[in-house]
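Below, each chain spelled out in residue letters.
Number of protein chains: 2
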Amino acid sequence: MSKVKVLAVAVSIDGFGAGPQQSLEAPLGLGGEKLHEWMFQTRTFRRMFGEAGGSEGIDDQFVKQSFDNIGAWIIGRNMFGPVRGPWPDESWKGWWGDNPPFHAPVFVLTHYPRESLTMAGNTTFHFVTEGIHDALARAKQSAGDKDVRIGGGMATIRQYLLAGLVDEMHLALSPVLLGRGEALWTGIDLDAAGYECTAHVATEKAVHLLISRRRGR
Amino acid sequence: MSKVKVLAVAVSIDGFGAGPQQSLEAPLGLGGEKLHEWMFQTRTFRRMFGEAGGSEGIDDQFVKQSFDNIGAWIIGRNMFGPVRGPWPDESWKGWWGDNPPFHAPVFVLTHYPRESLTMAGNTTFHFVTEGIHDALARAKQSAGDKDVRIGGGMATIRQYLLAGLVDEMHLALSPVLLGRGEALWTGIDLDAAGYECTAHVATEKAVHLLISRRRGR
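Quick note, the sequences are listed as chains U and G, same order.
Position one of the first sequence corresponds to residue 1 (the working numbering), numbered consecutively onward.
Position one of the second sequence corresponds to residue 1001 (the working numbering), numbered consecutively onward.
Please note that a few of the clues may not be correct.
[To be verified] Below, computed lysine-lysine pairings styled on DSSO-like, alpha-carbon distance capped at 30 Å:
| id | chain 1 | residue 1 | chain 2 | residue 2 |
| --- | --- | --- | --- | --- |
| 1 | U | Lys64 | U | Lys93 |
| 2 | G | Lys1003 | G | Lys1140 |
| 3 | G | Lys1003 | U | Lys34 |
| 4 | G | Lys1205 | U | Lys34 |
| 5 | U | Lys64 | G | Lys1205 |
| 6 | U | Lys205 | G | Lys1205 |
| 7 | G | Lys1034 | U | Lys205 |
| 8 | G | Lys1003 | U | Lys205 |
| 9 | G | Lys1064 | U | Lys205 |
| 10 | G | Lys1034 | G | Lys1093 |
Hint data in this document are derived by calculation from the structure and do not stem from the laboratory.
Next up, chain U with everything else stripped away, as it sits in the complex:
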């Protein structure tokens, strides 16, 4: 059955999923790249960007799994790019070049309408102005039997968690302190929402945590 998943989301020990002051120069916020070192060094990630080599252990398995059976994505507008407010033109096409790593429909949450944008490699960006429920309905319809992945950033993940719409979550806790940035947990009571941590495994670069709904709920 199709599930809604948050996967391979990196957070710091102190609970930040991106650094402060995100911009064109620092898409992950200041220091935010430190959160993703466990991923950058994996074979799967490197191959996505045409690089050879990389690790093949547990970290790599989690990256690989995060792309398995994904039929559609939902991302926030700030993850799509640094442009804020009404779209000045159609020139911004995402951070990822002509062939983005999604290879599926991507529903971008925004307050400002824009025409859908088809890229190489079977990625199409659709701009959704009717909110998170509408985006999820459209993503589910596109995904069919496959899963819907909530890609980020933190604000988008938080909204779907608060609405109780996430079935499974894989967090990669990076052993770093960011101090400032986009906090994942503030105001979210996952225990009350019926979630629990079902497994954890540590590697040199990260602690992987699996979170899902408690059984019987």
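Keeping the supplied structure of chain U fixed, place chain G upon it in accordance with the hints.
The following block gives chain G in isolation, referenced to the frame of chain U:
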């Protein structure tokens, strides 16, 4: 050289070091005992309370180390007990019975003066009304060459972290979601304060994280 240490402090994945609604019946707050399961099952912890058996692996080593070379403790008033406001009498003597597990002077931060209290096993509670710096000065003097351990709770640890007075910290991240309670990280920027995570190791019950000042600072 004598150091100021925060040791064996348990936090949930979502950053809570105690549950909500701490009381006489729930000294760790609702659900707070889940944070400490990694410790309850260790040989060292069980022996402190006269029980046989218990695990002897990594979790146990961290519990054992948390008592090594400690010459004095500092704890908050709410960790000492559930009594709030002026002391109505001298009857409350801590949660720990006649022979508390500190075996050293314990400086209790409070706004309300009270006579020092000597217990069995070489533990003396001193009640400090002049604030965290005064408590630390007195604890250091008592400890001599040994270390000062900031015992808790979260509010006390936060104050010492914010003041930059902690040299080393060992956190045990428990793979649970509390959802609510006493948050450790809110408003604390440990990166800006010059701290980093230097090591992490996971067991079945916890992820142990070592945090200290970056070299050269």
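Here is how each hint holds up against the structure:
The hinted pair formed by Lys64 (chain U) and Lys93 (chain U) meets the criterion: a straight-line CA distance of about 25 Å does not exceed 30 Å. Under the criterion of a C-alpha separation no larger than 30 Å, the hint pairing Lys1003 (chain G) with Lys1140 (chain G) is consistent with the structure, at around 9 Å. Between Lys1003 (chain G) and Lys34 (chain U) the alpha-carbon distance is near 29 Å, which keeps this suggested pair within the 30 Å criterion. For the given pair, Lys1205 (chain G) sits about 26 Å from Lys34 (chain U) by alpha-carbon distance, which is consistent with the 30 Å threshold.
In summary, the hint linking Lys64 (chain U) to Lys1205 (chain G) is supported, as the alpha carbons are separated by about 26 Å, within the 30 Å threshold. Restraint check: the Cα-Cα separation between Lys205 (chain U) and Lys1205 (chain G) comes to about 19 Å, which is no more than 30 Å; the hinted pair holds. Between the alpha carbons of Lys1034 (chain G) and Lys205 (chain U) the distance comes to roughly 26 Å, so the proposed pair stays at or under 30 Å and holds. Only pairs whose Cα atoms come within 30 Å are accepted, and Lys1003 (chain G) paired with Lys205 (chain U) is accepted, the gap being roughly 28 Å.
Pair hint Lys1064 (chain G) plus Lys205 (chain U) holds up; C-alpha atoms about 26 Å apart against a cutoff of 30 Å. Distance check on the hinted pair: Lys1034 (chain G) and Lys1093 (chain G) sit about 25 Å apart at the alpha-carbon level, within 30 Å; holds.
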